[in-house]
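Q: Protein chains in written order, with this note's numbering: chain A, 1 to 82; chain B, 1 to 257.
Mixed in with the good hints there might be a few duds.
Result set (PhoX-like, lysine-lysine): computed pairs, CA atoms no more than 25 Å apart in a straight line [claimed, not checked]:
(1) B:K65 with A:K61
(2) B:K239 with B:K193
(3) A:K61 with A:K20
(4) B:K65 with B:K171
(5) B:K119 with B:K171
(6) A:K61 with B:K211
(7) B:K132 with A:K61
(8) B:K171 with B:K211
(9) B:K65 with A:K20
(10) B:K211 with B:K193
(11) B:K132 with B:K171
(12) B:K239 with B:K211
Hints are computed from structural coordinates only; laboratory data are not their basis.
Note that the structure is a prediction, hence the values are computed from the model and not measured.
Here is how the chains run, residue by residue.
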Amino acid sequence: MCIPLIAQVVNIENDMAEVKLIEGETVRVSPALFPDASPGQYVLLDRGLIIELIEPEEATKMLEFYSELENMWAEEDARVGI
Amino acid sequence: MASNSITSGGLLAAERTSLSGTSRFIRYAFMPNRLRYCGGDDNRTLFEYSLENARDGDLVPMLRKFTGALPYLRLIARANEIADPFDERVVEAYWIGNELLERVEVRQLYDALLERFGKQLQGRTRDWVLGKAPAGARPHHNFHVFDVHSKVGELDHTLETMDNCRISWGKVVGLEGAELVVERQPLLLSDGKLSLGPAATVRAVRQVDSKGFADAAAVGDWVALHWDWVCEVLTTRQKENLARFTDQHLTLANQTI
């Protein structure tokens, strides 16, 4: 189970990438594994690293999956009363 | 006097009354959240909740944003018939390791999600979010760390991240204000395999604005470390469990690297 964060590259400068998270926040991460990442691309993040470049359709599918997981777990929490 | 009897979850009775599960969760999640690697943007609030050892209706929604950890906490809780995934025994099992992990494997989570979402998720997307769990892998944070990075490859690029991201342990050899000096074994990559090297002296932050989770640490104590942050003082039992589950998951990771 991985649940990497999904983000879009805003800028790459001085060996660091500025990326915008889906929630809207902008953070700086390392593009060391994908030095050819470019602004506009969707990426997966794990603990400060770009770990994969993904297509926009893939990002959409993953977001749908995350949303369904959240709903499933919210139902589970409601059932046990937390 | 506190009893030293072991409870069903493996926690000493004296420890069980001292720290809530949510507080312990934040102690470990605090620094990666501060670095914005996981969770929401509620870092300062979470810190205060943990210092106060408090839990209320506003806290749990903030903790639900830790999407990497939550599936494992839920899995551990369910397998041990514990309703609350933030029960202190469950939280300890995930970050440090304890007997609750003996009753559950990560594979159970993968299989359940695959059954429910397998048709929806295909190919590379499925590999990223579900992956495969090697036999014997437990829902421990260090499995999560070594597993994700074994998928990424290029371990020389990710070794430092893995070393910071795993929960490690160190022995306190000096106290210097907001920092501790500790002896800690670093993660090494040698001949393409991961291992822990000889202990080396490093500095770790234990306080922000003069407050932290190991203010009473003393020379000779064992402490848990996460992203150069001192999460808490460990008991001997906890340190041994952390070493055991780290070693177990390093061995598993080395089988697939």
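Q: It remains to establish, for every hint, whether it holds in the given structure.
A: For each hint, the structure was consulted:
Restraint check for K65 of chain B and K61 of chain A: the C-alpha separation of about 19 Å stays at or below 25 Å, so the hint holds. Between K239 of chain B and K193 of chain B the alpha-carbon distance is near 24 Å, which keeps this suggested pair within the 25 Å criterion. Restraint check for K61 of chain A and K20 of chain A: satisfied, since their Cα atoms lie roughly 18 Å apart, inside the 25 Å limit. Pair hint K65 of chain B plus K171 of chain B does not hold up; C-alpha atoms about 32 Å apart against a cutoff of 25 Å.
Pair hint K119 of chain B plus K171 of chain B does not hold up; C-alpha atoms about 48 Å apart against a cutoff of 25 Å. The straight-line distance between the Cα atoms of K61 of chain A and K211 of chain B is roughly 42 Å, outside the 25 Å bound, and the hint therefore fails. With a C-alpha separation of about 19 Å, the suggested pair K132 of chain B and K61 of chain A falls inside the 25 Å cut-off, and the hint holds. With a CA separation close to 20 Å, the supplied pair K171 of chain B and K211 of chain B stays within the 25 Å bound.
Distance restraint check for K65 of chain B and K20 of chain A: the Cα-Cα separation of roughly 17 Å lies within the 25 Å cut-off, and the hinted pair is therefore satisfied. Restraint check for K211 of chain B and K193 of chain B: the C-alpha separation of about 38 Å exceeds 25 Å, so the hint is violated. Straight-line distance between C-alpha atoms of K132 of chain B and K171 of chain B comes to about 35 Å, which puts the hinted pair past the 25 Å bound. At most 25 Å may separate the alpha-carbon atoms for a hinted pair to count; K239 of chain B and K211 of chain B meet this at roughly 23 Å.
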